[in-house]
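As a plain string of letters, each chain reads:
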Amino acid sequence: MELDELKHAWGKIETPIKSTDDIKLMLSENRHPVLKKIRMQLTIEIIGWSVFLICYYTMFDGNHKPIWINITLIVSLLLPLIHNLMGYRFAKYLVNGATIKESLKNYLSKVKIYATVSIICRLFFMIGLLLFFTYELSFNTKKYISFAIIILIFLIQLFILYRLWAKRLNNLKDAVTAFD
Amino acid sequence: MDEAQFLALIKEHQGIIHKICRLYRESKEDREDLFQEIIFQLWKAWPTFKGDAKISTWIYRIALNTAIAVFRKNKPNIQYTPVLPEMPEQEQNEELALRQEQLFAALKLLDDNEKAIITLYLEDMNYQQIAEIIGINENYVGVKLNRMKNKIQKLLTK
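Those protein sequences? They're chains E and F, same order as listed.
Going by the numbering used here, the first sequence opens with residue 1, and the numbers climb by one from there.
Going by the numbering used here, the second sequence opens with residue 1, and the numbers climb by one from there.
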């Protein structure tokens, strides 16, 4: 097939037709597939952690622990929530420049920062929880083993998060460098 | 310009978006999601459209940008067999349909950036227009297109 024929074939492609009403619905954030999932996740997290923060002080002996431990726990829980809220706004704007190359470059810079903060927030969240629940805890062999297992699970989670962002960043980097 | 004007323009030019979705995504569900994402991004970018460029050029820029930038779902890499599942149920010229199948099968083997350049080329844009939309120089467009043309012709003559 010659290239002129390719152009002809491309020009003749018949495509589905969406109605104006269907397109109008797509302008709404409520119908956006990714934003809908982020909103759902945010709602569940906010409700869950709010319940935890209301109850933890008496239920998990927060009143018997130093104030700095309590503050560390609260901040470590709030940071990922604030970061996710920022992520919601971040996911709304994929176009960041006047040309495709410039836009992808700017987007890559933003994703790099977002990914780094995301991993730091998760790490801080894990440290906050561990600090709170292990403060002044008298360790025995069983507790040491449980503590080691929890740390291992946390490290695996961190590694999975790192891999996820590394893959996304590499895909974007490849797209940007392919235009260089 | 208001929402009604935007909707009218998108309805008129939606074929561009459908073609890009078909080129960049395998499953019908993924194409639907990408279609919606592109419409959403076009709407977000609408206040910045000043009418200096043709509306189709602007749609191509935003749509290709979105198709490359948006994060894909993690799914197993299933080999794609070129079929036309969501085409309107009209009888098409068999030869043309075969050409289109061959064309998409070949184009899907290109990487995302090459797909963007070849899409603009197939829309009859010249090197200067392609260079302006992508943000690269014309010589580079020429070099890339020649490589892709050879690659596609080899694939099509196999």
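Hints were generated in silico from the structure; no laboratory data involved.
This one's a predicted model, so the numbers in the text were calculated from it and none came from an experiment.
Wrong hints could be hidden among the right ones.
[Claimed, not checked] Estimated spans, in silico, between C-beta atoms of each pair:
hint	chain 1	residue 1	chain 2	residue 2	range
1	F	E12	E	L169	31 to 41 Å
2	F	N137	E	I82	37 to 47 Å
3	F	F49	E	D61	54 to 64 Å
4	E	S146	F	E32	40 to 50 Å
5	F	K151	E	P16	24 to 34 Å
6	E	S146	F	T48	27 to 37 Å
7	E	Y93	F	E12	35 to 45 Å
8	F	D111	E	P16	20 to 30 Å
9	E	G11	F	Q5	21 to 31 Å
10	E	I17	F	D52	23 to 33 Å
11	F	P47	E	E102	34 to 44 Å
12	F	P47	E	Q41	24 to 34 Å
13	F	K154	E	L129	21 to 31 Å
14	F	K50	E	I151	52 to 62 Å
All residues carry an ideal CB built from backbone N, CA and C; glycine is no exception.
Now the hints, each set against the structure:
At roughly 37 Å, the beta-carbon separation of E12 (chain F) and L169 (chain E) lies within the given 31 to 41 Å, and the hint holds. The given range of 37 to 47 Å is respected by N137 (chain F) and I82 (chain E), whose C-beta atoms sit roughly 42 Å from each other. For F49 (chain F) and D61 (chain E), the hinted distance range of 54 to 64 Å is satisfied, since their beta carbons lie about 58 Å from each other. A hinted range of 40 to 50 Å holds for the C-beta pair S146 (chain E) and E32 (chain F), which are about 46 Å apart.
Restraint check, K151 (chain F) to P16 (chain E): a C-beta distance of roughly 29 Å satisfies the suggested window 24 to 34 Å. Here the CB-CB span from S146 (chain E) to T48 (chain F) is close to 55 Å, at odds with the stated 27 to 37 Å. For Y93 (chain E) paired with E12 (chain F), a C-beta distance near 25 Å fails the hint of 35 to 45 Å. Taking the beta carbon of each, D111 (chain F) and P16 (chain E) are about 26 Å apart, inside 20 to 30 Å as hinted.
The hint said 21 to 31 Å for the Cβ distance between G11 (chain E) and Q5 (chain F), and at roughly 26 Å that hint holds. As the Cβ distance of I17 (chain E) to D52 (chain F) is approximately 29 Å, the hint placing it in 23 to 33 Å holds. The supplied range of 34 to 44 Å is broken by P47 (chain F) and E102 (chain E), whose beta-carbon atoms lie about 19 Å from each other. Taking the beta carbon of each, P47 (chain F) and Q41 (chain E) are about 29 Å apart, inside 24 to 34 Å as hinted.
Take K154 (chain F) and L129 (chain E): their Cβ atoms lie about 57 Å apart, and the range 21 to 31 Å is violated. Checked against the hint of 52 to 62 Å, the C-beta distance between K50 (chain F) and I151 (chain E) comes to roughly 55 Å, which is consistent with it.
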